[in-house]
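Chemist: Read off the chains here:
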Amino acid sequence: MKNITLGRYIPYDTIIHRLDPRTKLLGLLGLLICVFLDVNYLGYIFLAIVVIFLLKLSKIKILSIFKSLKPMWFMMLFLLFFNVILIRTGEVAFTIFGYSIYTRALLQTLQIVVRLALMISITTILTATTKPLDLTYGIEYFMSPLKIIKFPAHEIAMTISIALRFIPTLLEETEKIVKAQASRGVDLQQGKLKEKVNAIISLIIPLFISSFQRSEELANAMEARGYNPSGKRTRYRIMKFTWSDLWAIIILTVVIVLTIFLINNPNLLKGVFLWLE
Amino acid sequence: MSIKFHDVFYTYLPKSPYEHTALKGVSFEIKDGEFVGIIGHTGSGKSTLVQHINALLLPSSGEIEVDDFLIAPDTKPKGVKNLRKKAGLVFQFPEYQLFEETVFKDIAFGPKNFGVTEQEIRPNVEELMKLLGLDLNYLDKSPFELSGGQKRRVAIAGILAINPSILVLDEPTAGLDPQGAVDTLDLFKKLNKEGKTIVLVTHEMDYVLQYCDKVIVLKDGAIEAFDEPINIFMNRRLLERVGIEAPLVIKIMQQLIDSGMKLNYGKIRDVSSLVEQIIKSRGDCK
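Just so you know, the sequences run in chain order A and B. Going by the numbering used here, the residue at position 56 of the first sequence is 72; the numbering climbs one at a time, nothing skipped. Going by the numbering used here, the residue at position 238 of the second sequence is 231; the numbering climbs one at a time, nothing skipped.
Read the hints as simulated data drawn from the structure, not as lab findings. Fair warning: this is a prediction, and the values are worked out from it, not measured in the lab. Every residue, glycine too, gets a C-beta built ideally from N, C-alpha and C. A hint or two may mislead.
[Stated by the list, open to error] Only some residues are given here: those of chain A computed to face chain B with a beta carbon under 7 Å:
no.: 1; residue: R24
no.: 2; residue: P27
no.: 3; residue: S199
no.: 4; residue: R200
no.: 5; residue: G201
no.: 6; residue: S218
no.: 7; residue: I221
no.: 8; residue: P222
[Said to hold, decoys possible] Using 20 Å as the maximum straight-line C-alpha spacing, the simulated EDC-like pairs for lysine to aspartate or glutamate come out as follows:
no.: 9; chain 1: B; residue 1: K182; chain 2: B; residue 2: D206
no.: 10; chain 1: A; residue 1: K195; chain 2: B; residue 2: E164
no.: 11; chain 1: A; residue 1: K195; chain 2: B; residue 2: D163
no.: 12; chain 1: B; residue 1: K105; chain 2: A; residue 2: E211
no.: 13; chain 1: B; residue 1: K74; chain 2: A; residue 2: E188
no.: 14; chain 1: B; residue 1: K78; chain 2: B; residue 2: E111
no.: 15; chain 1: A; residue 1: K147; chain 2: A; residue 2: E188
no.: 16; chain 1: B; residue 1: K79; chain 2: B; residue 2: E56
no.: 17; chain 1: A; residue 1: K77; chain 2: B; residue 2: E12
no.: 18; chain 1: B; residue 1: K74; chain 2: A; residue 2: D203
no.: 19; chain 1: B; residue 1: K8; chain 2: A; residue 2: D29
no.: 20; chain 1: A; residue 1: K210; chain 2: B; residue 2: E111
no.: 21; chain 1: A; residue 1: K210; chain 2: B; residue 2: E94
no.: 22; chain 1: A; residue 1: K195; chain 2: B; residue 2: E111
no.: 23; chain 1: B; residue 1: K98; chain 2: A; residue 2: D203
no.: 24; chain 1: B; residue 1: K71; chain 2: A; residue 2: D203
no.: 25; chain 1: A; residue 1: K195; chain 2: B; residue 2: E93
no.: 26; chain 1: A; residue 1: K192; chain 2: B; residue 2: E93
no.: 27; chain 1: B; residue 1: K78; chain 2: A; residue 2: E211
no.: 28; chain 1: A; residue 1: K75; chain 2: B; residue 2: E12
no.: 29; chain 1: B; residue 1: K78; chain 2: B; residue 2: D61
no.: 30; chain 1: B; residue 1: K105; chain 2: A; residue 2: D203
no.: 31; chain 1: A; residue 1: K210; chain 2: B; residue 2: E164
no.: 32; chain 1: A; residue 1: K192; chain 2: B; residue 2: D60
no.: 33; chain 1: B; residue 1: K74; chain 2: A; residue 2: E191
no.: 34; chain 1: B; residue 1: K98; chain 2: A; residue 2: E211
no.: 35; chain 1: A; residue 1: K192; chain 2: B; residue 2: E164
no.: 36; chain 1: B; residue 1: K78; chain 2: A; residue 2: D203
no.: 37; chain 1: B; residue 1: K189; chain 2: B; residue 2: D206
no.: 38; chain 1: A; residue 1: K147; chain 2: B; residue 2: E12
no.: 39; chain 1: B; residue 1: K79; chain 2: A; residue 2: D203
no.: 40; chain 1: B; residue 1: K74; chain 2: B; residue 2: E94
Isolated chain B (complex conformation) (with noise of 0.2 Å):
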């Protein structure tokens, strides 16, 4: 399942005061199989982008094929719902989408709306719960028992069930515990394995270090970069420029390299791997 982004222009409340151009000829391809990371400041786009993939806004002008989809201006909501099983979209704080009396219900709901019943859904909601680290107890308990991050799991639990080959997630880790972040994007990376499409919105430059293969930096509502994560976190003047800075591991491993180390950078992703080359590197550390 492969996402293609072509000219693609998005305006906010045209011919109105409040009028304000988001996308501004956005183009770009991300590959069957991609862990991509979209990032920028805050008002740069990302959000109404991401928003495009499942057809929750429609082009103002340009197009965007999801797999065989194609998104047009005109697009009609007809075969929208077939492109929403396909691409599956977490927003930001989606412990809000919570309603339903149990966490099972609700887990199930998504399936049900594209006609999968509750029998036949209850063994994987039953699996979902393991992965994400819920208590199979909770499944009749009502969701608004729970506490934030659990709630936060139920509602990706309720995504992940409708088993989308794309899934875009805004911000899935904001106000999660360090390890809680770290668990769920684990999981990401496993289903990410498992051949799903993943296009991460985050702020967390550690996590697209650590976890992205490729990386789109938006400015204004264009891009200004498309790459992989350490050829993007190593040009300071792309950074300075978009006003992001780097992770904590980039910048000593630069600090490193000015003071003369010599480093195999393509491969540093998080403190142990900088760690590993530095003892490559040095050779008789031991």
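Bound conformation, chain A alone (with noise of 0.2 Å):
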């Protein structure tokens, strides 16, 4: 229960955790569109370069990618299926059992399949190097400007806050129940359906029933606190905007530019080269 890795604050002190939470916030936004761009195999090439980096700069292993990878196998095969058949331009790769498959089918999968795995990690750099917390005070930041139309930004980052903060809590009552059920016979492994549904019911009904006990005691302790959601806070951690930030936001430009140079200019990478030789 406690190895979840995906998703996950990985307490390290690199300069990728101490980065501005919105520099990180814009950073993530900023690499999504890249990736999102039809770019050519160049660009993901340049962009899969810079992710690697990302992710040695702020410890992150990179097979913990390829594990959180695992559960979309199913997907990743369900979409070259239809792909292949549906998918009927380009030239003929190969022929199997006289259907012809096309190169443009496997391309268009071997895409996805990429940009996947660069929108995972990239996410991954985020949560793993910034407090949930951190990240939320980010995202109020950037969703203030919105309260003059009367958007509840501050309610909702509150919200998403203690969602956050409730999910390792949760994840411990969790394992509570299971092993209090474990001690009454509760086998989770093995066992026939109905003994396994069983076995559910009696780890949800607990769980559910905390959950509203806890959000209860949540709410009145906020209430007992004077917690007033439109009312104006200080804040106890101020969010700082360095140096690094600053650097950090050049270089993010100077990639996101580069990105888009290189959709325009396919040939300018083999330019560099030849110049090069």
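Got two chains here, separate frames each, mind docking them using the hints?
Modeler: Next comes the structure, spelled out in structure tokens:
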């Protein structure tokens, strides 16, 4: 239960960890846009190099990203199957059982896989290096201009941060209940389907009851301390924009510009290589 | 049913930034029919230790013998069910584990998992409810309608219904009213006299002195002492080292001894036995 790697904050102290959450949010947005632009294979290689560099900088194991891709195998096979059937353009790559498979279908699938891997890596960099609370502060900051049109920016940020705050608590609670029921002979791994359904019911009901209790207690505790969602509030930790943030944004802009440049001039890199030679 | 720990280590989340070794080479033996307390500061490894007794946690290294059942780092989950029938564990705030529609069904849930039908267990459940001081009218009520203390009793009954020969209790009295706490502990003492081995994790030193035959003192995942309660509580240096305060009865007794009174302290377990010893040593008092 405790070894969920995807999307978890990992407390190292790297340059990326020390960046302002707002910078990192901007970075996420910028890189994701790059990934979703229709860049050619040179663009993807360039983006992959940037992302691998960032993963190294933030001390995330690249292997763990591949592990988190595991559950998506089925979806990828599914995609490959339909692309092979439906996309009939490009050249014929090869023929099986008299059915010809086109290069475009294979390339399209590969593109989706690469995009997914890059997307997951980029979001993992953000969540692994930013404390959930800092992240919500960042989100609140970017949403605050919307307050003019009565958009509840603070309330939404508060809701998100409470939800994030309670994920580990709920996991802990689940583990506790699993253990308590295991002591009463519940076997989650083995048994017939009916027994398994019963086992899951014996987990879900207590979990629901305790979450409702918890949320009521939390609401009461907040009200008892005079929480007013529309009130003006100060903050314990103030976000600071530093020189390294400025550098990060400059580098990010260069990356985005380069990616877009690569789309329009696919021969640029080739030219660079030729020039180097 | 004896419990033996051989040099048990346990590490939470090994090889991660959250790695934490909770047990560091724990060895001891609890004999059949003993009533043993486990004390120590929060985070000293008490709960981790007791969860090894019914193989909820498997040791990172070392071995545990519970009767003829051997728990090793690579124990297969298949045989574990038999062990859990022999060794029942009541968690802290066990009322969290209630989920059935009626109190009866919830108490019968454990035995049902071990293959006893609801009809067979019915007389047993009623007897248990009487033992725990629960009104039989509750049988067909939802457990969620009950008060906190009653829920706790239903949850404890749910473990007792499995009829384990070892009963492990993690802070069973936390949050109960004083009378309820004493009643529950008296019940455990009674079960102990009927032959069950009891392991009690607690912060209440008065109960340790009053009910336990022996005490394991844990500090930072290692055993500091394993002895009779009175010897533990008379050892001021030990108590200071592990940050535990002696029961009031012991403090009074120590002051009496310090001021020159001769007391046979081996027999003192609570207020009335203290008074008895004082009267004996004075001789002239009526």
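Chemist: All the hints need checking, so say for each whether the structure fits it.
Modeler: Hint by hint, here is what the structure shows:
With a least beta-carbon distance of about 10 Å to chain B, the hint placing R24 (chain A) at the interface is violated under the 7 Å criterion. For P27 (chain A), the interface hint holds, since its Cβ comes within 7 Å of a Cβ in chain B; the closest pair sits about 6 Å apart. With a least beta-carbon distance of about 4 Å to chain B, the hint placing S199 (chain A) at the interface is held under the 7 Å criterion. Checking R200 (chain A) against chain B by beta carbon gives a least distance of about 4 Å; that is within 7 Å, so the hint holds.
This hint holds: G201 (chain A) has a C-beta 3 Å from the nearest C-beta of chain B, less than the 7 Å allowed. Look at S218 (chain A): its Cβ gets to within about 5 Å of chain B, closer than 7 Å, so that hint holds up. The interface hint given for I221 (chain A) holds, since its Cβ lies 4 Å from the closest Cβ of chain B, which is under the 7 Å cut-off. Interface restraint check for P222 (chain A): the shortest CB-CB distance to chain B comes to about 5 Å, inside 7 Å, so the restraint holds.
Our distance criterion of 20 Å between C-alpha atoms is met by K182 (chain B) and D206 (chain B), whose separation comes to about 11 Å. Our distance criterion of 20 Å between C-alpha atoms is met by K195 (chain A) and E164 (chain B), whose separation comes to about 16 Å. A C-alpha spacing of about 13 Å is found between K195 (chain A) and D163 (chain B), which places the hinted pair at or below 20 Å, so the restraint holds. Annotation: proposed proximity of K105 (chain B) to E211 (chain A) holds, straight-line Cα distance about 11 Å (limit 20 Å).
Between K74 (chain B) and E188 (chain A) the CA atoms are separated by roughly 23 Å; this puts the pair beyond 20 Å, and the hint is violated. Distance hint between K78 (chain B) and E111 (chain B) is fulfilled; the C-alpha atoms sit about 17 Å from each other, no more than 20 Å. Straight-line distance between C-alpha atoms of K147 (chain A) and E188 (chain A) comes to about 19 Å, which keeps the hinted pair within the 20 Å bound. The suggested pairing of K79 (chain B) with E56 (chain B) holds, with an alpha-carbon distance near 18 Å, which does not exceed 20 Å.
Among the hinted pairs, K77 (chain A) with E12 (chain B) is consistent with the structure: their alpha-carbon atoms are about 17 Å apart, no more than 20 Å. Among the hinted pairs, K74 (chain B) with D203 (chain A) is consistent with the structure: their alpha-carbon atoms are about 8 Å apart, no more than 20 Å. The suggested pairing of K8 (chain B) with D29 (chain A) holds, with an alpha-carbon distance near 18 Å, which does not exceed 20 Å. With a C-alpha separation of about 17 Å, the suggested pair K210 (chain A) and E111 (chain B) falls inside the 20 Å cut-off, and the hint holds.
Between the alpha carbons of K210 (chain A) and E94 (chain B) the distance comes to roughly 18 Å, so the proposed pair stays at or under 20 Å and holds. Pair hint K195 (chain A) plus E111 (chain B) does not hold up; C-alpha atoms about 23 Å apart against a cutoff of 20 Å. Straight-line distance between C-alpha atoms of K98 (chain B) and D203 (chain A) comes to about 18 Å, which keeps the hinted pair within the 20 Å bound. Straight-line distance between C-alpha atoms of K71 (chain B) and D203 (chain A) comes to about 10 Å, which keeps the hinted pair within the 20 Å bound.
Taking the CA atoms of K195 (chain A) and E93 (chain B), the gap is near 17 Å; set against the 20 Å cutoff, the hint holds. With a C-alpha separation of about 18 Å, the suggested pairing of K192 (chain A) with E93 (chain B) holds against the 20 Å cut-off. The suggested pairing of K78 (chain B) with E211 (chain A) holds, with an alpha-carbon distance near 18 Å, which does not exceed 20 Å. Between K75 (chain A) and E12 (chain B) the alpha-carbon distance is near 17 Å, which keeps this suggested pair within the 20 Å criterion.
The straight-line distance between the Cα atoms of K78 (chain B) and D61 (chain B) is roughly 14 Å, inside the 20 Å bound, and the hint therefore holds. Using a Cα cut-off of 20 Å, the hinted pair K105 (chain B) and D203 (chain A) holds, with the two alpha carbons roughly 12 Å apart. Restraint check: the Cα-Cα separation between K210 (chain A) and E164 (chain B) comes to about 34 Å, which exceeds 20 Å; the hinted pair is violated. A distance of roughly 26 Å separates the Cα atoms of K192 (chain A) and D60 (chain B); the hinted pair therefore is violated under the 20 Å criterion.
Restraint check: the Cα-Cα separation between K74 (chain B) and E191 (chain A) comes to about 18 Å, which is no more than 20 Å; the hinted pair holds. Our distance criterion of 20 Å between C-alpha atoms is met by K98 (chain B) and E211 (chain A), whose separation comes to about 16 Å. About 15 Å separates the Cα atoms of K192 (chain A) and E164 (chain B), which keeps this hinted pair within 20 Å; it holds. Taking the CA atoms of K78 (chain B) and D203 (chain A), the gap is about 13 Å. The hint holds against a cut of 20 Å.
Restraint check for K189 (chain B) and D206 (chain B): the C-alpha separation of about 13 Å stays at or below 20 Å, so the hint holds. At roughly 19 Å between alpha-carbon atoms, K147 (chain A) and E12 (chain B) fall within 20 Å of each other, so this suggested pair holds. Pair hint K79 (chain B) plus D203 (chain A) holds up; C-alpha atoms about 16 Å apart against a cutoff of 20 Å. Restraint check for K74 (chain B) and E94 (chain B): not satisfied, since their Cα atoms lie roughly 25 Å apart, outside the 20 Å limit.
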